[in-house]
Amino acid sequence: MLKTTNQKAWWLVTPVLLLVAFNAFIPLMTVVNYAFQETFGNNQFFWEGTTWFEKVLRSERFHDALGRQMLFTGMILVIEIPLGIAVALSMPRKGPWVSVCLVLMALPLLIPWNVVGAMWNIFALPDIGLLGYSLNSMGFDYNFTRQPVSAWMTTVLMDVWHWTSLVVLLSYAGLCSIPDAYYQAAHIDGASPWAVFRYIQLPKMKRVLTIAILLRFMDSFMIYTEPFVLTGGGPGNTTTFLSIDLVKIALGQFDLGPAAAMSLIYFLVVLLICWVFYTVMMRNEDQ
Amino acid sequence: MNKKWIVPSLYILFLMLPIYGLISMSFKTTNEILGGFSFFPQNFTLENYITIFTDPTWYNGYINSLIYVCINTVITISVALPAAYAFSRYRFLGDKHLFFWLLTNRMAPPAVFALPFFQLYSAIELFDTHLAVALAHCLFNIPLAVWILEGFMSGIPKELDETAYLDGYSFWRFFVRIFIPTIAAGIGVAAFFCFMYSWVELLLAKTLTSVNAKPIAAIMTRTASTAGYELGLLAAAGSLTIIPGAFVIYFVRNYIAKGFAMGRV
Numbered sequence: 001m002l003k004t005t006n007q008k009a010w011w012l013v014t015p016v017l018l019l020v021a022f023n024a025f026i027p028l029m030t031v032v033n034y035a036f037q038e039t040f041g042n043n044q045f046f047w048e049g050t051t052w053f054e055k056v057l058r059s060e061r062f063h064d065a066l067g068r069q070m071l072f073t074g075m076i077l078v079i080e081i082p083l084g085i086a087v088a089l090s091m092p093r094k095g096p097w098v099s100v101c102l103v104l105m106a107l108p109l110l111i112p113w114n115v116v117g118a119m120w121n122i123f124a125l126p127d128i129g130l131l132g133y134s135l136n137s138m139g140f141d142y143n144f145t146r147q148p149v150s151a152w153m154t155t156v157l158m159d160v161w162h163w164t165s166l167v168v169l170l171s172y173a174g175l176c177s178i179p180d181a182y183y184q185a186a187h188i189d190g191a192s193p194w195a196v197f198r199y200i201q202l203p204k205m206k207r208v209l210t211i212a213i214l215l216r217f218m219d220s221f222m223i224y225t226e227p228f229v230l231t232g233g234g235p236g237n238t239t240t241f242l243s244i245d246l247v248k249i250a251l252g253q254f255d256l257g258p259a260a261a262m263s264l265i266y267f268l269v270v271l272l273i274c275w276v277f278y279t280v281m282m283r284n285e286d287q
Numbered sequence: 001m002n003k004k005w006i007v008p009s010l011y012i013l014f015l016m017l018p019i020y021g022l023i024s025m026s027f028k029t030t031n032e033i034l035g036g037f038s039f040f041p042q043n044f045t046l047e048n049y050i051t052i053f054t055d056p057t058w059y060n061g062y063i064n065s066l067i068y069v070c071i072n073t074v075i076t077i078s079v080a081l082p083a084a085y086a087f088s089r090y091r092f093l094g095d096k097h098l099f100f101w102l103l104t105n106r107m108a109p110p111a112v113f114a115l116p117f118f119q120l121y122s123a124i125e126l127f128d129t130h131l132a133v134a135l136a137h138c139l140f141n142i143p144l145a146v147w148i149l150e151g152f153m154s155g156i157p158k159e160l161d162e163t164a165y166l167d168g169y170s171f172w173r174f175f176v177r178i179f180i181p182t183i184a185a186g187i188g189v190a191a192f193f194c195f196m197y198s199w200v201e202l203l204l205a206k207t208l209t210s211v212n213a214k215p216i217a218a219i220m221t222r223t224a225s226t227a228g229y230e231l232g233l234l235a236a237a238g239s240l241t242i243i244p245g246a247f248v249i250y251f252v253r254n255y256i257a258k259g260f261a262m263g264r265v
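So the protein lines, in turn, are chains A and B. Residue 1 is where the first sequence starts when you use my numbering, and the numbers rise one by one after that. Residue 1 is where the second sequence starts when you use my numbering, and the numbers rise one by one after that.
Since the hints were derived computationally from the structure, they do not count as laboratory data. Please note that a few of the clues may not be correct.
Listed next, the in silico DSSO-like pairs over lysine-lysine satisfying Cα-Cα at most 30 Å (straight line) [to be verified]:
1. A:K94 <-> B:K4
2. A:K3 <-> A:K206
3. A:K94 <-> A:K206
4. A:K3 <-> B:K158
5. A:K3 <-> B:K96
6. A:K8 <-> B:K158
7. B:K158 <-> A:K206
8. A:K204 <-> B:K96
9. A:K204 <-> A:K3
10. B:K4 <-> A:K206
11. B:K96 <-> B:K158
Source: prediction; values computed, not measured.
Input sequences plus hints: build the corresponding full structure.
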């Protein structure tokens, strides 16, 4: 659409700008304040420079949490995106059952996050939960409060359960926007199902998949409540992701300086990865 | 045709199992739960639900959550509408940067903002009010709402606006009388997503409240830890939190998928 240049449009944006700036700017400045200064209460601040940043960047604890976070987010993307596409592809385009399916699939998205954690905690309890009991009676040695591998498996499975539907909904929306004529043409040419997927469906889904990957990346990178309720970051530190670690430092130990420095680094990492991904996707679009 | 349903059915079965586990546990007595695993409740009981519906500290949690979610949805949609219109119709100084800056707020981890938010809202004396949580949730809901609404508005031809102006409509009269009804579906989708993200978020909601506006999700965690792990009660409270979401999703079932697909990246 051709847009007209009109500087008065700023007035329409002002309310949003004020509200978001109030919520984003002031807290961000507070974080920056704490990140560069030492405080002993009473609003007395002493300049610390980049001490906290160096401390955080050098600490093994941060490296470990970041590594776990990367591994978790990587696993989530590798499992959820193909699974979501597969389910969306196998759904029929029309019919009375489609909306029933969509409503059922969207259900996990609307459950408060700590209820998701609690639900999976109950579900996975080794002796009284459905999953834990079944696995153990099948002969697997499974206990997510004691074994790191079980804890990881449960956390990843929980996230797959929770968020794959978002990928399904988005991919399904992309698939529905493909006109029937495309499929007819492919049929006449005798295209294989793989060719239809590779050259018709995948390119048409690119836009929605970009959104899906971005949203899944952001949300899984910021995950806090679900693993916190499910495993509490344990056993040991094995499922302590960045947000959990951050809250432990900030509210648990009240180490405001390092926590603030870590917040800024954390935020910058998310921004950087999103920006790189977005730029790469858009460059391909131009070609 | 029947073969086609295998994958979706299996997937839905997988989705339903944990939910079934939760609901079935909510009808069991504490003794039965701790006694061992059973697929169906052996001694069917409604006691857990009765406790929740008769104890004000429990059911007030639901009311609190619903209040701040509704306030948040109203604020978000009413400020996001004009902004989305500006982004979809006009070019102005710094518009692209502004749009990207809005989206970056969606990328800010809530854990980063928990403590500063606590200080900010304590300083302006809004701590422990519904309004505080509603305003705080605007941080991630406004960018999302602007993003979705802008997508829907760009799908409406510009001729609609121009004809209305030629007919002598003022901007606000056109906006309220003609434009808003035209994109009602988009508003529905945006409102749905606001409702959803505000309803499921806990970290900020918990940080900004103590007694008067405490959300149900936070009450659940506290009760579970102090009253010695009453799993049945926890399960019943959890089951009840699914209902508002299911209710809302039923209304927008035909638009959910469309909402994101139409937004621009």
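Do the hints match the structure? See the list:
| no. | hint | result |
| --- | --- | --- |
| 1 | A:K94 <-> B:K4 | holds, 12 Å |
| 2 | A:K3 <-> A:K206 | holds, 25 Å |
| 3 | A:K94 <-> A:K206 | holds, 22 Å |
| 4 | A:K3 <-> B:K158 | holds, 9 Å |
| 5 | A:K3 <-> B:K96 | holds, 13 Å |
| 6 | A:K8 <-> B:K158 | holds, 18 Å |
| 7 | B:K158 <-> A:K206 | holds, 27 Å |
| 8 | A:K204 <-> B:K96 | holds, 25 Å |
| 9 | A:K204 <-> A:K3 | holds, 26 Å |
| 10 | B:K4 <-> A:K206 | holds, 24 Å |
| 11 | B:K96 <-> B:K158 | holds, 20 Å |
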